[in-house]
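Same order as they appear, the protein sequences are chains A and B.
For the first sequence, our numbering begins at 1 and goes up steadily by one.
For the second sequence, our numbering begins at 466 and goes up steadily by one.
Read the hints as simulated data drawn from the structure, not as lab findings.
Note that the Cβ used here is the ideal one computed from N, Cα and C, for glycine as well.
Keep in mind that the hints are not guaranteed to be accurate.
[Stated by the list, open to error] DSS-like cross-link-like pairs, simulated, lysine-lysine; straight-line CA separation at most 27 Å:
| id | chain 1 | residue 1 | chain 2 | residue 2 |
| --- | --- | --- | --- | --- |
| 1 | A | K232 | A | K22 |
| 2 | A | K51 | A | K254 |
| 3 | B | K556 | A | K444 |
| 4 | A | K254 | A | K232 |
| 5 | A | K444 | A | K456 |
| 6 | B | K553 | A | K51 |
| 7 | A | K22 | A | K254 |
| 8 | A | K327 | A | K254 |
| 9 | A | K327 | B | K553 |
| 10 | B | K553 | A | K444 |
| 11 | A | K327 | A | K456 |
| 12 | A | K327 | B | K556 |
| 13 | A | K435 | B | K556 |
| 14 | A | K327 | A | K435 |
[Claimed, not checked] Computed from the model, here is a short list of chain A residues facing chain B with C-beta under 8 Å:
| id | residue |
| --- | --- |
| 15 | E56 |
| 16 | Y107 |
| 17 | P111 |
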Amino acid sequence: MRDVIISLAYLFAAGCFVLALKWLSHPTTARRGVRTGEVGMAVAIVATLLKTEIVEFQWIAIALVLGTALGIPLGLLVPMTAVPQRTALSHAFGALAAGLVGTAELYLRTPDIDTTTMVALGLEVVLGFLTFTGSLMAAGKLQGIVRDRPWIYSGQNLVNLGILASALVLVGFLVVDPSWTALFPVIIGISLVYGVMLVIRIGGADMPTVISLLNSFAGLSASMMGFVLDNKLLIIAGALDGSSGLILSIIMCKAMNRSFANVLFGGFGAEDTTAAAAETRPVRSVDPEETSFLLDAARSVVIVPGYGMAAAQAQHKVRELSDTLMKRGVDVRFAIHPVAGRMPGHMNVLLAEANVPYDQLYDLDSINSEFPQTDIVLVIGANDVVNPAARTDTTSPIYGMPILDVDQAASIIVVKRSMRSGFAGVDNELFYLDKTQMLFGDAKTVVGEVIEELSKLPAREVAGV
Amino acid sequence: MSEILESSLYIFVLASFLGYAVITRVPGLLHTPLMSLTNALSAISLVGSLLLAGSGQSTMATILGSVAVFCAMTNVVSGFLITDRMLKMFKRREAPKKADAPTEGASAR
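Construct the complete structure from the given sequences, taking the supplied hints into account.
Have a look at this one:
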């Protein structure tokens with residue numbers, strides 16, 4: 001009887017998880033989704049604790065309390081700009097949990113283990129531990145503890161593939177002869193090393209793809225745990241997480257017109273080759289006062305924020321600018337490229353935190369047709385995602401990447417620290433157009449100055465001029 | 466192929482397709498909350514961790530299991546909390562445009 005109730009509880013939890021994701025399809029229902037997920041999780045935990053297999057509770061209680069104690073500050077205190085790091089860290093935690101459980105099961109179950117369980121265990125351990133170190137590396141890079149620039153040497157792909165292949169070959173040995181317990185620490189060690197090697201070559205702008213991929217791995221390792229323990233709830237939740245991560249990484253790859261292989265093995269953004277030569281070309285620059293006149297005279301303004309805006313913590317000032325302009329009758333919209341920020345959807349969260357209403361945020365597909373009717377595009381801390389070379393220059397490394405067609409607007413103002421090239425190390429033609437003006441300086445400071453200048457202007461003439 | 470494996474594989478494949486169908490409908494706007502929510506959900510590996518930690522099979526099982534419980538529980542708590550914190554911030558425009566500039570900016574959708 002108890003087992004039936006527990007099974008039904010798991011089924012209920014699985015249903016809750018699917019509904020949670022379904023309700024995440026719209027901002028108005030999304031919070032209901034979170035609550036549903038919480039209910040499912042609580043039911044699953046209670047049901048598990050009722051299982052007769054659990055005979056010792058003191059360590060569980062301690063671990064649950066400590067986990068909650070760390071989880072609360074990680075959930076409530078982490079600033080929104082640091083969400084990518086936190087996400088990477090939580091992938092590391094989730095993967096470590098799967099890896100550790102897998103390790104214990106390896107020792108407990110071998111040598112009397114059937115082939116399929118051994119395969120699932122092997123995959124759980126390899127995926128778990130490589131995701132653990134890979135995610136720690138990603139978190140370190142995002143937090144600035146580890147060097148952000150990709151670390152590349154010749155023959156790196158061969159070395160990496162060799163490491164991964166050797167881990168899988170050793171798992172193969174174990175499948176053939178599970179009594180070979182001396183291999184366990186070797187496989188774990190290789191997986192740990194591979195995680196580091198995989199992410200060490202990834203640069204900042206590829207982080208959205210890599211975080212998504214690690215998300216997928218973490219989910220898959222949880223799913224493999226479900227195969228090992230014959231627990232359907234684990235399989236389902238892991239598969240949901242795995243497919244979510246996979247979909248997000250495909251979206252990120254498409255948004256950069258790159259393949260998985262290219263992100264993981266290509267040397268994208270490794271060197272600045274073209275940047276130095278172009279540095280001397282003339283650009284038109286503009287000061288905050290002039291910018292305020294231009295913006296005030298515009299009917300429609302589209303703001304294109306990039307990671308630079310987040311790095312400068314300028315999102316609140318940008319929202320203030322948007323509000324000021326809207327009060328003066330200017331139509332202000334935000335255009336968000338899928339890879340803006342350091343993880344999928346990061347820019348939307350940052351702007352939402354700064355109180356920009358979400359119906360003012362437009363994605364690539366819905367805003368691109370609007371640029372020809374736009375008076376001014378204000379680019380703040382974005383570079384590669386507005387580079388027209390992606391459409392025109394077949395030799396450019398970013399050729400074919402879907403971009404925001406800001407060059408079709410009547411005029412463009414680019415807020416930028418200096419003329420340094422973007423992550424891809426590619427010079428941006430947009431900056432040299434006749435209709436483009438550069439507003440140099442720290443995004444937070446200059447946007448603040450523009451707002452101040454706007455406040456000095458007389459009330460705007462009534463429409464119809 | 467054993468029956469257990471067969472049914473598990475069915476469930477895995479069908480759940481992956483279900484995930485695909487449900488998650489492609491999540492707008493780009495909510496992709497960060499999506500990732501933190503799926504992260505919290507995949508911390509369901511807590512179930513496996515609890516079973517191991519409480520099994521009393523060996524000291525190693527208790528130690529590794531308890532560390533795993535700690536990790537997974539951290540994800541459960543922080544994942545749900547931060548997702549809700551983010552979603553709370555997504556707001557619609559409060560009211561339509563003020564009346565002082567009726568024609569300009571009225572095209573905002």
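Of all the hints given earlier, name the ones this structure violates by number, lowest first. 2, 4, 6, 8, 13 and 17
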